Amino acid sequence: MTDEREPKVSRRYRELGAEEPPTGLDAGILAASRRAAETRLAPLVPPTGRRRWYFPVAAAAIITLAVAVTVHVEQQQPDAESITPPPPSAPESRTDALEAKKEDAPQASRQKSPAKPQSADTARNMEQPEPQARSGPDAQVKGLAMLRAERGAVEEAPERILERIAELRRQGKQDEADNALAEFKRRFPNYRIPEEMLKKVERRR
Amino acid sequence: MEAPDEQLMLAYRDGNAAAFETLYLRHRGRLFRFVLRSVKSRATAEELFQEIWMRVIEARERYAPQARFTTWLYTIAHHRMVDHWRRRGLSLVELDEQDPPGDSPDPARQLEAREALARFAQALEALPVAQREAFLLHEEAGLSIAEIAAATGSNAEAAKSRLRYAVAKLKAAVEDD
Chain H
1 MTDEREPKVS RRYRELGAEE PPTGLDAGIL AASRRAAETR LAPLVPPTGR
51 RRWYFPVAAA AIITLAVAVT VHVEQQQPDA ESITPPPPSA PESRTDALEA
101 KKEDAPQASR QKSPAKPQSA DTARNMEQPE PQARSGPDAQ VKGLAMLRAE
151 RGAVEEAPER ILERIAELRR QGKQDEADNA LAEFKRRFPN YRIPEEMLKK
201 VERRR
Chain B
206 MEAPDEQLML AYRDGNAAAF ETLYLRHRGR LFRFVLRSVK SRATAEELFQ
256 EIWMRVIEAR ERYAPQARFT TWLYTIAHHR MVDHWRRRGL SLVELDEQDP
306 PGDSPDPARQ LEAREALARF AQALEALPVA QREAFLLHEE AGLSIAEIAA
356 ATGSNAEAAK SRLRYAVAKL KAAVEDD
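If you read the protein sequences in the order shown, they are chains H and B. For the first sequence, the numbering used here begins at 1 and goes up steadily by one. For the second sequence, the numbering used here begins at 206 and goes up steadily by one.
One should not assume that every hint holds.
[To be verified] Subject to a maximum C-alpha distance of 30 Å in a straight line, what follows is the list of computed DSBU-like cross-link-like pairs (lysine-lysine): (1) H:K185 x H:K199; (2) B:K245 x B:K365; (3) H:K173 x H:K199; (4) H:K8 x B:K245; (5) B:K245 x B:K374; (6) B:K245 x B:K376; (7) B:K365 x H:K8; (8) H:K185 x H:K200; (9) H:K8 x B:K374; (10) H:K8 x B:K376; (11) B:K365 x B:K376; (12) H:K185 x H:K173.
[Stated by the list, open to error] Quick list of the computed label-pair ranges, beta carbon to beta carbon: (13) H:E20 x B:E207: 19 to 25 Å; (14) H:L16 x B:R293: 19 to 25 Å; (15) H:A31 x B:A373: 30 to 36 Å; (16) H:A60 x B:Q212: 47 to 53 Å; (17) B:Q327 x H:E38: 42 to 48 Å; (18) H:L16 x B:A373: 17 to 23 Å.
Hints were generated in silico from the structure; no laboratory data involved. Remember, predicted model here, so these are calculated numbers, not experimental data. From the three backbone atoms N, C-alpha and C, an ideal C-beta is built for every residue, glycine too.
Bound-form chain H, shown alone (with noise of 0.2 Å):
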């Protein structure tokens, strides 16, 4: 430090003397430091004026989005009673469009049906885990099925019908065992009878 002082001077200078700041003055001054120190800690105590509105306000928005989403997908799922059996003419093809829709519906429900994203089957099955009573993609081919099973109990299988027109053949009931086969094939058109079992629905000649 390059000192520029005058001895003389600076020996004059402190004769001047040496005031001070009334204690009042200090007193003032050493309080206000105190509270600046306090305020620092400021952020460690609950959140006042608009801050302390933030997180009710954050969660109320949470709320309700989620509310939101549960309804829109409850108004997206599909009722039971809606599915709308196929007709019952053509059993074959009834039969084999059954077995189509129970091989094809999970992967068409997941992959292709617009109306059933994803996301909202995951969240449904997340709120449903028993869905069984409900209508989804899984229970919508249950109940396909079971409303197939069900049909399959009442209707004779071809075969089945085929041996008891033979049996009417035999017990000579020509007439009943003729309107039989009339009503087996206007049934199944498509069907191709053997040749053995032709023998013995055919009325003799």
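With the hints as your guide, set chain B onto chain H.
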């Protein structure tokens, strides 16, 4: 060993009020005399003194020990003094060229002017603001030429020149005794 000023100010910045008290007690006298002998009115000096410390408190979170704390403190004091002189109608250029308008002469001080000390005091009061500031920063606050330049926002040559002019005038007043 006493903690350095810079360490105390950093501690206060981090919330240690006791550190500020130590710092304040260490500098209060010299800063008060620097202000008092710059403005001559005690009431004005007390007001300015308090404002300077309030600015130190307000600026605590921006404090970084890039220089001595003393230089930083007297930089704040200088800016406050410039504001004071501006309110009294002096420009920065005039600080170097004109004597500041003093308070009305005190009859008691005129009487004491016959004595050497009073003559010295008058010589000090008669210095241009910038020269007196340079002298007080050097003599009272203990700043070097470079630190005076930093605190007053000038260059080292200007600070040295002001200080030399001030010392020369005061020396002449002393030698007149």
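Outcome of the hint check:
| no. | hint | verdict |
| --- | --- | --- |
| 1 | H:K185 x H:K199 | holds, 15 Å |
| 2 | B:K245 x B:K365 | holds, 24 Å |
| 3 | H:K173 x H:K199 | holds, 16 Å |
| 4 | H:K8 x B:K245 | holds, 22 Å |
| 5 | B:K245 x B:K374 | holds, 18 Å |
| 6 | B:K245 x B:K376 | holds, 20 Å |
| 7 | B:K365 x H:K8 | holds, 19 Å |
| 8 | H:K185 x H:K200 | holds, 15 Å |
| 9 | H:K8 x B:K374 | holds, 12 Å |
| 10 | H:K8 x B:K376 | holds, 7 Å |
| 11 | B:K365 x B:K376 | holds, 16 Å |
| 12 | H:K185 x H:K173 | holds, 18 Å |
| 13 | H:E20 x B:E207: 19 to 25 Å | holds, 20 Å |
| 14 | H:L16 x B:R293: 19 to 25 Å | holds, 23 Å |
| 15 | H:A31 x B:A373: 30 to 36 Å | violated, 44 Å |
| 16 | H:A60 x B:Q212: 47 to 53 Å | holds, 48 Å |
| 17 | B:Q327 x H:E38: 42 to 48 Å | holds, 46 Å |
| 18 | H:L16 x B:A373: 17 to 23 Å | holds, 19 Å |
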